[in-house]
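Engineer: Make one complex out of these two single chains by using the hints.
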Amino acid sequence: MAAIALTGALVISAAAAPAVTPTRGGTLIVGSGVDAVTLDAPMITDSPSATVAEHMVESLYRLTPEGRIVPMLALGHTVSPDGRTWTVRLRTGVRFHDGTPFDAEAAKFNLDRMLDPATRAAFRFLLCGPATCVTSVTVVDSSTIRLVTNTTFAPLLAHLTHSSMGMQSPTAVRRLGVDYARQPVGTGAFKFKEWVRGDRVVMTRNDDYWGEKAFLDEVQFRVIPDDGARVAALEAGSIHVAVRVPPREIERLKGARDFTVSVDDSLRTIYVGFNVTRPPFNDGRLRRALNHAVNKRAIVNGALYGTARVSDAPIVPAIEGYSKIMTYEWDLERAEALLREAGYTRARPLRAVFHHPSGRYIRDAEIAASIQGLVRRAGIELELRTMEWGAYLALTNRPQPENDVQMYMLGWGTVTGDADYGLYALFHSSQWVPAGSNRSFYKNERVDALLDRGRSTMDQAERNKIYADAMKVIMDDAPWLFLHSESQVTGIRHTAQGVVVHPAERVELFKAWIRR
Amino acid sequence: MWAYIVKRLLLSIPVIFGVAFMVFAMVRIVPGDPARIIAGEAATQEIVEGIRKDMGLDQPLLKQFATFVGNVLRGDFGRSVRSKAPVAGEVAARLPNTIRLATAGLCVAVVVGVSAGIISAIRPYSWMDTVVMLVALAGLSMPVFWSGLMLILIFAVWLGWLPAVGTGGMAHLVLPAVTLGMSTAAIIARMSRSSMLEVLRSDYIRTARAKGLAEAAVVNRHAFRNALIPVITVVGLQMGTLLSGAVLTETVFAWPGIGRLLVEGILSRDYPIVQASVLVVAMAFVMVNLTVDVLYAVVDPRIHYD
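Protein chains in written order, with this note's numbering: chain B, 1 to 516; chain H, 1001 to 1306.
Fair warning: there could be bad hints in the mix.
[As the list claims (entries may be wrong)] Pairs of lysine to aspartate or glutamate, EDC-like flavour, derived with a Cα cap of 20 Å:
#1 B:K324 x B:D477
#2 B:K108 x B:D141
#3 B:K213 x B:D227
#4 H:K1084 x B:D476
#5 B:K465 x B:D477
#6 B:K193 x B:D217
#7 B:K511 x B:D207
#8 H:K1007 x H:D1293
#9 H:K1084 x B:D116
#10 H:K1053 x B:D116
#11 B:K465 x B:D476
#12 B:K511 x B:E212
#13 H:K1084 x B:D46
#14 H:K1084 x B:D179
#15 B:K193 x B:D98
[Said to hold, decoys possible] Residues from chain H that keep clear of chain B, each with C-beta distances beyond 10 Å, as calculated:
#16 G1018
#17 R1074
#18 S1126
#19 P1230
#20 V1298
Since the hints were made in silico from the structure, they are not lab data. These numbers come from a predicted model, not from an experiment. Quick reminder that beta carbons are idealized off the backbone N, C-alpha and C, glycines included.
Bound-form chain H, shown alone (with noise of 0.2 Å):
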């Protein structure tokens, strides 16, 4: 296990290699001159001429990559070419707001995915499935700036329960986790229902059943854990996008997140900012990936990476 686990550590590097050289490419590929938005309409092409040159910009691009590329193995990201803030600062400070909102956007999302899923399930083609996966294609289908502001107007605007936007205690997490777990709810309660059907269905079940099992029994003792393994898999790619694609739910909230910051850093061509946010979330993403294989092994002793 742990051979593996060290393997594919190493495995990962090449891998955030080849996204940081491909970052780098993409943001300088995409017209649009950095200097010049810094520098507004404006300012004369001396001064964006100057800023282009503080930059770094007008070196050949190889010589930036390698430049880039020594100062992170440093550990330094560098400057925001916008606000001179250094970006592992800015980094460091949105981050934890992404994993708190991801984190619990996911618990969300488990709780009530699962949970539907297998009341969907153990009673099939019933009213109570159908109804509980049509909720399952409305939380699908509904985009987050529209569910979210409906949150925002239904328990903020009318009922004064909760804060409208912004970061504080735990008041201000719940309507962007319930926002964000939504879609992330409807697709592990549909992927919950397939596959605890499937496992209903198998041998080992009907055994069970055959020795006289209440049904209770039967399927919180035999067929929930095997229901689970598919269910992980979906978790933990659910995850890597919770931590990536949070983007819309962090702009209606106005949550200071990671996903925020990124599509910030690309609007202003802030060449530092998109590199390192884009670097850590492909890190995340590797790490997630690495966390659910090892956890296949935890939920189903049959499976060995040796």
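This is chain B alone, in the form it adopts within the complex (with noise of 0.2 Å):
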């Protein structure tokens, strides 16, 4: 199956290296498996809403699907030496797509807006969470921004690539209000034409770009909810592309002739967090026990069919940040002798209640059934409890007193590719639910003071050596049962070409085009 995977990863590479010349014209449809939700950037949370907004609406800076930070509407930084003020130097020359052109009090006017808690942004604490902060956003010239903080904010540079900072038209948000979510107006490749909800989003190419001119003339983002029948319509032809192609088909659609099925990393880590500050779990020996006792690799392959990394590190490798720090061997001795040290036998087995999602993340009931499964023969007596997404969510989000969760499936992706994001929300001991993302309630004081070092010191070879330590602590301590990293399964007919697939969870058509 891995072998499957690594072909899978090849072949894109060689679609998205186009050998031919590049034609112009054409329409390319993406079969997709929800709607997007909302097109007004602070406000999108759902990666199918980023992919369709970030062909329209661009941010100051991008990441590449390879890792990399690189200007987009910005043309480059300084930082002062404290760490504390950016200056950002500003693309000249650009308009939005109504004609307004995007300067440096277009740029404020955006980055005010979710500054704003009005605004209500879910990802306003990319900018301005609970310890560091963006205090300021001035005007220097009409090219020039200048953020100040109220310490020094090393990932920064990484937030504002995230799709919530694109850059819209001051001119159409003020115009248009609340409607503006339904016909965004950036700077970006394509523009907007039309969104039949629950049907499809329309987007025509922008023949003014600032940059390389996209090949397409248009691009269409299909809503299809049915894995059969989206496969089913890309075998047909009907469309170009389908997203989150059910891992089981793979095998099955090997060996189509019209299209290739992709598999490629994305940026979200699939973990099951523990209760640490409750019994069973706040003894750590159980929480080692368990990652002893699941053979992650027979998940990877059977549950997942191949399609999936098994977890070396809270994060993946595509974030910078990230070293391979250890996976917790599958040793049912090992963990047996650890239930055993913590009191617990065959006659008196350790027993835990386990909440998970069904539908969320890939195959998550399935793998949730299979750690039940494995753990039984280490002797542990899991009960799953399944739960509707909204429910599950309100459940494992209460505060630590009234949390009796105590094993709950989770995803986390951290898609501004840097590790802050991937680590501070979810370890750090200030960010317990309800105001953070650390649902395990997972305290460590010298975790706590690596990962506030990470956020102040700019250099990032010592970044990169502060977040290794923390991970090394973290995966010792094993507030998670850590499984795998999901992979995006991708069908693409060979007629589309360039067609990228971004660890964001984003398919990418800005330099795709149609093979006649």
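Structural biologist: Written out as structure tokens, the structure reads:
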């Protein structure tokens, strides 16, 4: 199965690098499982919306599929010696699709809107969180802005790549108000045309684009909720790209002549968190025992048909700050020894309740059932509680005194591509839910100190070392049962060239073209 | 007749109001915080509280209901809490799709169902009857997500005759209409068969035959119309079901109808969307039932509503 994954990845690289000269024109159709929710950048919290929006609305910086941060609407930046003043130079001569010039005023408008608590931007914490905050955005001249932070804020550049920091026409945002969300106006390579809700979003090429213009005349993101129907639509040629192809289909589709199924890494880590403040999992031996009792390779190969990567750190390799830490080897004897040490035997087994969602992550319910089966061999009895997503979030999000969830399955996409976003919100003790996303109520002073230092150290090599140290402690403490990172399985017809599957769970069509 | 229609319409007001209250209460009783769902798993509590306030969810339940009813009476269904789009617009955009699909599905169901039922009834317990009823049983038992996919596989992927999914011209309507109509056709076939069999055994049919009328004339002129009455009831009920229960067909064929809107609304706790969709479906049910009752009188002149 690993071979399939690798083959897929190689094939997509070939497809992404066209061998023949791209031709202009045509309409490319992407079949997606769900519709976009909103196309107003600060309000976006889901990758289907972000995928659509990013074709029209650009940020100051961009995270490339290779994991590099490159200037987009910015030209570059300098940081003051105390690390608290960022001066960002902006691209000149750029206009939004409605003709409004993109300048320092427009950039300030967008960042201020993100910072304004009244906007209710879910990702506001990327600019202003409990510890680090952009305190002011000022216009220096028409093409320069200055951001002042309350303290050294090393991941700020990565945060500026996030889709919620998209630069949108102030004229359109002001004029359309709440209706802006259905007709975005950005500076991107494609312009908004129409959105038939529940059916499709259509955009056309921006012929006045400041950068390299797109080849396609038109792009359509079509909603095809049923997995089987989406694959059938790809097979029938009704769509060019099918996202989220079910992994079980890979084997059947391998011999297809007209399209390729590519398997690409994502930035999303899947884990099972333990509540480390309550029995039984306030005992680290039990958390480690579960880590040893679960054969992650079997889950990846079985439930996921090989389309995932066993975690060797709490974040994935594509993230700046990642380093390989370790994997808890599948070792039933070791698991049983740890259980015995903590006072559990086959006669008096460890029992726990394991909450998990269904349909949120790739085969999440099946994975939960696999875990239940695997740990039983070590004498651990898990009771599964499958929950609907909304109720599940509410349950796991309760504050510590009333939170009695023992084990919960979740995923985390580190969409900024920076380790800070993948670790701080999940492991820093200031981030216990409901304030942050630390649902395990994990608290380790050394980890806190390291994560704080990671935020305030500007030197990337130094930061990487700090994060490696923090992750070592985290892996050893095992507040999670570390599972895997998800892959994106995408079907792409051979006629669609230059389609890029971005690790942040996006399909990018900036350089795509139709082979005739 | 007109007095009856007006009375029925007036009676439907408390029904609709009751439905509105039940839906209003139910979506709120179900666990799950819409503000948290909207904000996503990463947002801070402060943002979640803000969204809750914006949605008016911090108000007492009865006050929320009063506001909701007041707004609806003014024709304002509010805005989707997730997309911020006006709910009336969302429903208005989806409803014609559902009506189109349900009507086409019902046409398939009536034509296929009634013909099959009558063919079976004319030759009861023959091999033809057995085959037709077996097919009907299969049609009834096949889950839509399977039969729909099979139709896509055969007619879109292998033969390439019809589009696989989505909306568009008439060609896009064929596969979802057949899928949706299939199980209803089976119900109608079974109903028509038993109704026709009963009528064919009645005295006036024996009289007609004794007069020496040809069998075709007996069936077409005398039996068919009388056999239709119970069938109309079933068709009426099925129309209601088709309008509200086309969720699976809409999902398989990526058909942006009101069924999918409702399910998406429920999953994301989008209260205004759920409330408006259910209200519209409830109204459709009431109207369809009324139409069926009126149709009885048209088909059978003995029925009066005075």
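Engineer: Can you name, in rising order, the numbers of the hints this structure does not satisfy?
Structural biologist: Of the numbered hints, 3 and 4 do not hold.
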